[in-house]
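Protein chains: 2
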Amino acid sequence: MSAVWEQNVRRVVPYVAGEQPTDKNIIKLNTNENPYGPSPKVQELADHMDSDIFKKYPDQTAGDLVRALAKYHGFKPEEIFVGVGSDDVLAMCFMTFFNSDKEILFPNITYSFYPVWAEMLRIKYRTVPLDEQFNIRPEDYKAPNGGIIFPNPNAPTAILASREVVEDIIASNRDSIVIVDEAYIDFAEEGSSVIDLTRKYDNLIVVRTYSKSRSMAGLRIGYAIANEKLIKYINDVKYSYNSYTMNTPSIILGTASVEDDEYFKEKIEAIKKTREWFTEELKKLGFKVLPSSANFVFASPKTKTAAEVFEAAKQAGIYVRYFKAPLTKDFLRITIGLDEEMKKVVDFLKGFC
Amino acid sequence: MSAVWEQNVRRVVPYVAGEQPTDKNIIKLNTNENPYGPSPKVQELADHMDSDIFKKYPDQTAGDLVRALAKYHGFKPEEIFVGVGSDDVLAMCFMTFFNSDKEILFPNITYSFYPVWAEMLRIKYRTVPLDEQFNIRPEDYKAPNGGIIFPNPNAPTAILASREVVEDIIASNRDSIVIVDEAYIDFAEEGSSVIDLTRKYDNLIVVRTYSKSRSMAGLRIGYAIANEKLIKYINDVKYSYNSYTMNTPSIILGTASVEDDEYFKEKIEAIKKTREWFTEELKKLGFKVLPSSANFVFASPKTKTAAEVFEAAKQAGIYVRYFKAPLTKDFLRITIGLDEEMKKVVDFLKGFC
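Residue numbers (the numbering used here), protein chains in the order written: chain G, -4 to 348; chain Z, -4 to 348.
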């Protein structure tokens, strides 16, 4: 017999993130981390952390970090919201803006946390099929809705939608909030971001993360860019949830990262170069590889099933990601690591496939 | 004319935390921080932080921290949930357990975040008056309800409810989840905590924080202790909200703090000693001081209004907290700082009151 209080428990099926093995010999290409580590300026500060400052609450506005990001992107601090990774930022946005009776829309192949947030927050949703080449079709988003969200580049496909496609969706949905999740945009060609469109459209929110291009997944920093009014609404919900979400190390080290743009750009170029080389190697092995604008590739093997390659790679100490849903079951999502790591992956695949 | 999307914004009135002035000359006694700073073991690790580890996501289970806390309190890791400060833990608990059609109950004078969470999450609530000596009366909590929460010691009164009172409330509400928010319990006499009762009552959750006794408000660490089933339910909601809430520095430094119990106990004793001295000084000045089991006192001046003392103290560079609601407007909440800080407060009050 179960207790009466059990009737009032919010029962949810949580998101399952990629494994985080602790064995350092494992080539870890399953959660789209950036292998180069943060800027040396971050290390300088990490070497001189005075624990005495931890006795005080952090600045609840994370002002230094917000101002650094605002300056970096050419916005006002009032146009930036920071959170504990882009997951926290996105969850706050779902809570703040997706309160309509109408369904929210997102692609049928996309970041698998979107349906989890919707279920948890009891938001109705409908998934919208991608086309046969895994592209988003703007016309499919011209239906009544309670909000729209999609990543660009999309995950796990790595495919970029053009600015025209993205703007078409935003412009056709002025009655809804449109969230463009740009977690991987720094790996796309320059000029792909739509952060500038937050000035043109009052219904647009763009979300970014430190976990990929900034190589700081361990610090948990994400942010949103939008007009002041939208940012104020998100902040009101945040301050109704947890006054102090960003801890002191994340504020200090996150600020330092933004201030070293040279290192940042250099490492992104390195990853893009490795991605192009790795893509060619996969193609030589007969893989179908979707055109990637991210720090990972979504690739389908020819002679073995994706599930077989996933398992065999794991046995060989190479962790990649496999999503066994019907639409993704033929593909593997492989993070772009260091050159030497990717060479080992190619060697393994040459032997196995 | 406002946009259509505005109709679907969750509009909330956020919690307002105490000010965080950056001027180091200010005597900051307004957010119940612990002036002694974290353990030297925390400093040792803070001195050798390798930023390269930040490129990886943190352990999403915060396993080291959870195991350290479990060992410290004599529980299993499965009986511990950690979050971004106790505010994050409490918000998760509200989301997870307070989903009844019945009202949740909490005292009419209490932590002012409770009604904010309830409003934000659209949970019905009813406040229960304290008695004339600011005590919780268990019989008032023997009414149908959708859950119960109260801090012990209570805030901002600093008054401790006895174990008997707390157990009476838990035992009389086996159909509801009862959350005892023990943010300040380390400053109460030993044996006041009810963490052991989580073994006796399946409806009890006890919440703790690093922000007060552990002097680590800047790291944002809080935790809950309850039976495995309850902790599993909270974790399911957490993993439906943000997979990785605890960042790498908070896991590493939070673990180190628990491992230095000698320093921890020594500083708590120092604060209790200062509290007794300061209480006597306030009484000599004619203040009414409620009996404190926390690292702050709730005190009412005799010759001036609390609002007048609050403002004058602020002008003099001494920040305390003032809640102008009808039931609290005659009192000031003053954090116990260092001896020399409290002496300056007494000197100021001698001159002003």
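A hint or two may mislead.
To be verified - Here are the simulated distance ranges between beta carbons: (1) Z:Glu264 <-> G:Lys71: 44 to 54 Å; (2) Z:Ser107 <-> G:Lys97: 32 to 42 Å; (3) Z:Asp59 <-> G:Asn130: 15 to 25 Å; (4) G:Lys71 <-> Z:Ser107: 40 to 50 Å; (5) G:Thr122 <-> Z:Ser167: 17 to 27 Å; (6) G:Glu306 <-> Z:Val11: 24 to 34 Å; (7) Z:Asp334 <-> G:Asn94: 43 to 53 Å; (8) G:Glu185 <-> Z:Asp96: 38 to 48 Å; (9) Z:Lys119 <-> G:Gly69: 23 to 33 Å.
Source of the hints: derived by calculation from the structure; they are not laboratory data. If you're wondering where the values come from, they're calculated on a predicted model, not measured in any experiment. The beta carbon of each residue, even a glycine, is placed where N, CA and C say it ideally should be.
Tested hints:
Range check, glutamate 264 (chain Z) to lysine 71 (chain G): about 48 Å between beta-carbon atoms, so the 44 to 54 Å window is met. Between serine 107 (chain Z) and lysine 97 (chain G), the C-beta spacing of about 35 Å keeps the proposed range 32 to 42 Å intact. Range check, aspartate 59 (chain Z) to asparagine 130 (chain G): Cβ separation about 43 Å, and the 15 to 25 Å hint is violated. A hinted range of 40 to 50 Å for the beta carbons of lysine 71 (chain G) and serine 107 (chain Z) is inconsistent with their spacing of about 30 Å.
Taking the beta carbon of each, threonine 122 (chain G) and serine 167 (chain Z) are about 47 Å apart, not inside 17 to 27 Å as hinted. Checked against the given bound of 24 to 34 Å, the beta carbons of glutamate 306 (chain G) and valine 11 (chain Z), roughly 53 Å apart, lie outside it. Range check, aspartate 334 (chain Z) to asparagine 94 (chain G): Cβ separation about 51 Å, and the 43 to 53 Å hint holds. Range check, glutamate 185 (chain G) to aspartate 96 (chain Z): Cβ separation about 54 Å, and the 38 to 48 Å hint is violated.
Checked against the given bound of 23 to 33 Å, the beta carbons of lysine 119 (chain Z) and glycine 69 (chain G), roughly 45 Å apart, lie outside it.
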